[in-house]
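Working from the sequences, and respecting the hints, build out all of it.
Chains as they are written, first to last, in our numbering: chain A, 1 to 217; chain B, 218 to 434; chain C, 435 to 666; chain D, 667 to 898.
It is possible that part of the hints are untrue.
[Stated by the list, open to error] If you want the ones that stay clear, here's a sample from chain D, every Cβ over 12 Å from chain B, calculated:
id, residue
1, I670
2, V671
3, A676
4, G680
5, A703
6, K708
7, K737
8, A782
9, R827
10, G862
[To be verified] Just a few of them, taken from the derived set where beta-carbon distance is under 8 Å, the chain A residues facing chain D:
id, residue
11, G18
12, S40
13, E42
14, L50
15, A75
16, G78
17, I81
18, F82
19, A89
20, M90
21, R92
22, G93
23, H95
24, S134
Because the hints were derived from the structure by calculation, they are not lab data.
The structure presented is a predicted model; accordingly, all values stated were derived computationally and were not measured.
Each residue gets a CB set at the ideal place from its N, CA and C atoms; glycine is no exception.
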Amino acid sequence: MLDKNGIAKRIAKELQDGWYVNLGIGIPTLIANYIPQGISVEFQSENGILGMGPFPFEGEEDADLINAGKQTITAMKGASIFDSATSFAMIRGQHINLTVLGAMEVADNGDIANWKIPGRMVKGMGGAMDLVASAENIIVAMMHTNKRGQSKLLRQCTLPLTGTRCVKKVVTNLAVMDITPNGFKLLERAPGVSVEDIQNATEGRLIVEGDIPEMEV
Amino acid sequence: MLDKNGIAKRIAKELQDGWYVNLGIGIPTLIANYIPQGISVEFQSENGILGMGPFPFEGEEDADLINAGKQTITAMKGASIFDSATSFAMIRGQHINLTVLGAMEVADNGDIANWKIPGRMVKGMGGAMDLVASAENIIVAMMHTNKRGQSKLLRQCTLPLTGTRCVKKVVTNLAVMDITPNGFKLLERAPGVSVEDIQNATEGRLIVEGDIPEMEV
Amino acid sequence: MNKIVANAQAAIEGIEDEMTLMLGGFGLCGIPENCIAALVEKNITGLTCISNNAGVDDFGLGLLLQKRQIKKMISSYVGENDEFERQMLSGELDVDLIPQGSLAARCQAGGSGIPAFFTPAGYGTEVAHGKEVRWFNGKPHILEMALTADFAIVKAWKGDRFGNLMYKGTARNFNPLMAMAGKITIAEVEELVEPGELDPNHIHTPGIFVQRIFQGVDYEKRIEQRTVRTRS
Amino acid sequence: MNKIVANAQAAIEGIEDEMTLMLGGFGLCGIPENCIAALVEKNITGLTCISNNAGVDDFGLGLLLQKRQIKKMISSYVGENDEFERQMLSGELDVDLIPQGSLAARCQAGGSGIPAFFTPAGYGTEVAHGKEVRWFNGKPHILEMALTADFAIVKAWKGDRFGNLMYKGTARNFNPLMAMAGKITIAEVEELVEPGELDPNHIHTPGIFVQRIFQGVDYEKRIEQRTVRTRS
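Below is the structure:
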């Protein structure tokens with residue numbers, strides 16, 4: 001089974017040289033720590049920066065340089081700054097190669113719910129709806145089950161949707177799956193996790209074809 | 218009767234301090250030469266500059282600094298440069314206080330035709346359609362009649378329209394007129410021009426109420 | 435052409451109860467601190483505020499919330515503060531949540547004379563309720579309407595008396611878009627400079643979009659999430 | 667991240683007959699001279715060119731027209747050259763004239779994932795033929811569709827290997843908008859600089875919109891209307 005860093009590490013292997021990547025808050029943010037050797041990617045933050053760098057050294061924080069999580073950041077060489085309309089032009093116009101975000105629920109048709117729990121305080125969707133409605137390549141990074149042990153990979157989302165038929169791949173603590181017309185197609189098992197474990201933790205349709213390799217992280 | 222410079226001079230008297238003004242090609246361009254004392258206005262050119270200044274001194278022409286007429290220009294202190302989408306955001310968003318353009322025909326309901334003569338080579342509307350569709354304050358500067366002596370102030374335009382019900386005021390070599398729901402309302406006569414002269418040269422409805430003063434230029 | 439006013443008090447002249455305001459900023463980054471303080475001081479109420487976020491309890495728009503001056507928030511992400519949550523859950527505060535990219539585009543459209551446009555964001559979600567759906571290029575889109583405001587209040591780094599503005603870093607965010615969309619736009623800047631000091635090629639907001647400008651004082655520029663790395 | 671290609675010949679690799687191109691520039695100001703020369707040299711034909719203007723007889727897009735490489739022009743103002751006029755009147759050349767502001771907005775929309783928007787420009791004229799009309803705020807508007815292109819070719823002043831671009835003066839015009847709207851965007855620049863030399867706050871086109879970049883040579887930068895005043 002993977003921990004959060006393991007999930008991030010596995011997703012980092014999907015990165016390709018020259019890609020522009022938008023990482024959501026939570027597990028996705030950790031991916032920046034695991035960029036494969038020899039690969040150069042640029043991170044976009046939807047408040048308006050491309051070429052986001054690591055956190056600043058202590059004492060070098062700049063209130064005028066933050067990411068979409070409102071964290072102080074730095075700008076890499078070759079970074080650019082722009083207004084929020086231009087930022088979402090990049091997103092909506094499909095100029096971003098990969099979007100990784102967390103989710104509360106993912107359905108086996110690619111629907112995603114990650115912004116609202118009825119009856120609880122609703123903080124808003126931020127840029128998530130723009131991201132999922134537009135991105136051609138969306139990976140969801142999340143735990144396979146919620147805190148009550150219930151599957152987050154469903155036949156149909158129960159929470160209000162963030163977007164429809166948009167998720168392409170899901171990487172959890174248990175597995176890597178593609179979303180296909182017939183449901184979650186199991187690609188890899190996490191170390192020490194059996195196909196049966198994954199089947200038990202997946203409520204949506206899970207397609208298991210042939211031998212499922214254990215992932216290399 | 219006014220010449221082209223006289224028309225420009227008369228329209229310049231409409232300028233108010235702090236206004237942003239877009240001047241079309243031809244007579245409107247001349248207005249920049251007659252800005253009243255004590256008044257400060259900024260000229261916008263729709264290719265992407267605000268704060269357009271006079272032509273450069275010989276030898277100081279910059280191929281990267283032109284106006285919408287493709288003429289070399291200068292930039293005033295406080296000028297700004299922007300892309301064409303932002304430029305037309307200013308126009309469409311009604312941030313420009315006054316637009317002055319030439320016309321082939323104006324109808325007494327404010328319709329304007331100034332871009333196309335069927336059967337002749339059509340050069341295109343450039344920014345004219347955006348300007349007339351959006352501007353709240355449009356003055357047409359033109360001769361009252363065409364080269365064949367026919368009125369250019371009509372009951373209805375005969376040429377393909379550039380925009381509908383948009384012109385607010387017309388200044389010609391003969392007269393100043395507002396466009397009202399009932400037609401051209403005569404406000405001023407050009408020096409030495411009688412009301413009858415204007416009536417004879419106007420095919421559209423002309424409203425003459427009370428004494429019509431001779432304009433001061 | 436001189437748009438300079440003395441201070442925030444003079445700048446907000448004419449803002450009245452029940453008006454709609456746009457306020458620039460993302461989180462606490464690039465917010466018009468001086469004008470917010472002046473609005474609190476003048477106790478203008480019943481405001482509809484269009485702003486990506488709603489501040490924190492004791493800073494930014496949170497200050498207006500504390501004094502219940504806001505009737506409605508139009509935002510993409512809120513609730514970083516307890517008072518907001520209390521007012522929202524009790525129904526005192528009306529909240530319209532819209533996708534961040536749609537918010538940005540709707541402000542830009544409002545300033546650009548584009549009354550409506552189609553976007554894929556929100557299709558199939560509750561954001562799409564009551565909105566026209568149309569397919570383009572094999573994909574569903576919804577029709578979103580432009581936003582404008584009685585007053586837009588933005589914060590910039592440098593500005594001149596023509597109203598030309600330059601922003602610094604990600605403090606730019608929504609500011610240039612909202613500057614376009616105010617019937618009257620107020621800009622507070624960290625530094626007022628002479629016309630000509632800002633390179634025309636580097637001006638982010640051309641002065642035509644700004645009606646009033648002043649040099650703000652005592653900027654706190656509070657950091658919401660101070661994240662650092664240690665030198666190794 | 668290195669998007670540098672050797673020259674215009676390498677940059678236009680993949681442009682084929684019958685493709686749709688966007689070409690930046692206004693008149694002869696800010697046009698991609700090197701790439702136009704390479705397209706002439708390679709004799710690619712049947713092109714649909716989206717460009718505000720069509721050059722003059724012996725410069726700019728006029729060079730492609732001379733060799734009859736263009737099948738269709740989508741522009742706002744054309745006919746500064748005789749060959750264009752001849753081909754248009756004889757029906758050899760298809761010409762779609764659209765308002766300049768709509769052209770700019772349609773390119774920007776194409777690059778921004780906005781498939782269509784309403785604008786007042788052209789209502790009641792032949793530009794509106796066949797287009798949906800809808801009233802907003804008591805005013806009629808028409809629905810305009812986004813434009814995209816197989817390749818967008820832009821000219822900038824400075825650029826770096828990430829594809830970041832800065833334009834100079836009014837040579838900016840349509841270039842940043844078209845840069846957004848190309849499936850592949852080629853930028854030719856007067857000067858290639860090292861990443862970091864361009865201030866992130868002053869970059870006009872973020873590199874994400876650009877796929878190929880090279881330093882052009884022998885820029886003529888011809889002036890179409892040389893107007894001067896005399897020193898008195």
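* **In rising order, the numbers of the hints this structure does not comply with** => No numbers; nothing is violated.
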